[in-house]
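Top to bottom, those sequences are chains A and B. Per the working numbering: the first sequence ends with 323, consecutive numbering throughout. Per the working numbering: the second sequence ends with 347, consecutive numbering throughout.
There may be inaccurate statements among the hints.
[Stated by the list, open to error] Per the computed footprint, the stretches of chain A lying under chain B, defined by three or more beta-carbons under 8 angstroms from a beta-carbon of chain B, are:
1) 135-149
2) 175-186
3) 243-256
[As the list claims (entries may be wrong)] Computed Cβ-Cβ distance ranges for the label pairs, DEER-style:
4) B:Asp102 <-> A:Gly148: 55 to 61 angstroms
5) B:Gln234 <-> A:Ala47: 46 to 52 angstroms
6) A:Pro234 <-> B:Lys151: 17 to 23 angstroms
7) A:Asn36 <-> B:Ile334: 40 to 46 angstroms
8) A:Val101 <-> B:Leu72: 21 to 27 angstroms
9) B:Pro261 <-> A:Leu45: 21 to 27 angstroms
10) A:Asn315 <-> B:Val331: 34 to 40 angstroms
11) A:Ala307 <-> B:Ala112: 24 to 30 angstroms
12) B:Arg264 <-> A:Leu45: 21 to 27 angstroms
13) A:Phe85 <-> B:Tyr91: 28 to 34 angstroms
Simulated from the structure, these hints should not be mistaken for lab results. Yeah, the Cβ is synthetic: ideal placement off N, Cα and C, and Gly gets one too.
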Amino acid sequence: MNTPTSRAPLPATARRRRPVNVRRVVAWVLLALAIAVSVFPFLWVLRTALSTNGALASQSASLLPADFTFGAFKRVLGLQSPAEAVAEGGSGAAINFWLYLRNSIIFSSITTAGAVFFSAMAAYAFARLRWKGRNAVFSLFLGTMLVPPIFTALPNFLLIKNLDLLNTMLGMVLPYVFMTPFAIFFLRQFFLNMSREVEEAAMLDGAKHLRIFFQIVLPNAAAPLATLALLTFIGQWNEYFWPLLVGSQDEVRVLQVGLGVFKSQSPQGAPDWSGLMAATLISALPVLALFAAFGKKIVNSIGFSGIK
Amino acid sequence: MTTLTKTSAPAGNKQPQRSPKRRRPAGLGDLRIALLFILPAMIGFIVFYVIPTVRGVYLSFTEYNILGDPEWVGFDNYAAIAKDPLFWNSLAVTGQYVLINIALQTALALGLALLMHKVAKSTLVRGALLLPYLMSNVIAALLWFWMLDYQIGVVNQFIEWSGLSRIAFFGSEEWAIPTQALINTWRHMGYTALLIFAGLQAIPHHLYEVANLDGASPFQIFRKITLPLLRPVMVLVLVVTVIGSFQVFDTVAVTTQGGPVNATRVIQYYIYQRAFTESDFGYGSAIAVILFLILALVAFIQMKFLKGNESDLD
């Protein structure tokens with residue numbers, strides 16, 4: 016690990032073209048290892064989901080699907096009877112996949128749309144309007160980022176129960192739909208940096224704040240709004256604790272909760288591994304698809320959300 | 034961090050000559066319209082954050098099983114918690130989980146960030162490392178529950194091939210918590226690395242050039258430049274990791290559910306059990322208050338640290 020002594024004065028571009036050295040190779044190997052650890056489980060899940068449970072036990076380490084079949088996917092999607100599942104070596108546990116999928120879509124979409132829109136309104140008030148106590152109120156809002164979800168979950172559960180909204184979609188979305196502290200914080204940063212010129216010109220023409228907000232600010236913030244919506248949707252899609260408390264009945268149960276139930280239906284004996292992995296994969300599919308489509312946006316937003 | 038109050042000062046750099054007539058007096062100013070804009074968020078804030086926080090503290094001083102009315106019992110819950118071996122166990126178990134997470138995640142993420150900084154800044158590499166973070170805890174738990182299965186899990190196959198004996202990752206008391214921490218590390222390692230990577234990118238390049246001119250060794254550069262300038266980011270990362278780790282629940286709920294024996298009965302799982310399976314909301318709330326206080330302490334220490342380091346980049 017000795018340093019080339021002549022490297023200091025070289026400009027950055029010249030340094031790039033250095034001949035391959037041992038350190039770079041080691042660095043690449045380590046990085047490749049980390050990537051393999053990150054990605055391998057997904058391949059393994061796919062391989063398992065395409066196997067039969069019976070064959071999984073005997074060929075537990077072959078990289079290819081053991082006794083290739085789409086049975087597990089069919090089973091999860093409700094196209095295969097429990098009897099057929101048992102024939103493939105599974106527990107015969109069922110998962111009401113389409114219902115949970117629908118619930119997940121409704122839950123995530125409503126909370127995302129509401130939280131992003133209402134948070135944008137609030138962020139506008141915090142960034143573009145001048146009023147007394149603005150910074151104090153904003154600090155209070157920010158403070159809520161520190162309150163652990165478990166702490167508010169208990170009283171919120173009681174509130175939803177008192178309102179007789181347990182096991183309703185309304186009860187599940189209410190705590191998220193008006194705002195999230197992160198969304199307000201995230202958008203306020205963007206609104207602060209927007210140019211005032213267009214806004215002021217519009218104001219001279221007598222435009223009111225509502226029009227400015229809808230016709231100037233929102234369209235101009237389309238990119239951050241989309242990024243935030245993306246991050247919020249993924250977060251909501253993956254939410255487990257609150258939907259577990261409030262939506263434990265089939266009619267409002269979301270996929271994440273459904274997966275847990277599906278798993279616990281065969282605690283001992285022969286778990287339906289291929290079915291479970293197929294269900295897991297399908298549940299991750301929307302996030303994987305969003306990632307495939309907007310990966311760059313997501314990756315680049317990490318630096319922002321963490322540091323600023 | 035310092036930009037929180039940016040707009041309240043006149044943005045004089047653009048058109049200073051126009052600003053005086055444009056700026057209305059602060060005072061009431063846009064208060065009316067601002068209230069309208071902030072109303073929905075304010076409703077959510079008060080109903081689902083402020084009131085529950087107050088109510089949670091109140092409930093912690095009561096005995097409440099949902100059916101009747103909360104009955105004020107003063108500090109009884111807290112006194113009982115102080116003598117509750119299960120609580121202390123949950124604290125110890127959570128502490129163990131937090132420690133493993135901090136050590137492993139921070140070390141791995143720092144290494145990864147440096148590797149990315151040195152050899153690969155491509156979005157593809159970063160994307161691949163970020164993939165686990167986008168999965169839910171439930172999915173991470175399930176796929177590792179399968180891969181770490183004692184009988185036919187692939188990891189145990191590898192372990193056996195390397196001549197070691199199989200490990201009951203979820204079934205043995207000594208492995209249960211490290212396993213939970215490993216799953217979490219897998220999920221968060223790439224995300225944490227990206228945060229640190231962003232911090233590395235922000236370090237001015239000329240500092241390195243000067244150090245190189247002075248003939249500093251890579252290790253010296255890392256210790257004298259990179260690490261100190263990275264400190265604010267590292268503190269942030271540490272705190273996010275600690276606060277996140279203290280609230281571990283999903284993976285435990287899906288895999289071990291507190292077992293074997295009490296090995297993975299982490300604080301949040303214990304709260305959940307007391308409140309929701311034993312309908313003891315007063316007791317559960319009291320533990321939640323204690324958890325809240327622990328996290329507030331962590332956040333407080335963070336702010337002190339961050340303030341002390343703000344000037345590092347100037």
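Self-check item: List of violated hint numbers, smallest to largest
Solution: Structure breaks hints 2, 4, 5, 6, 8, 10, 11 and 13.
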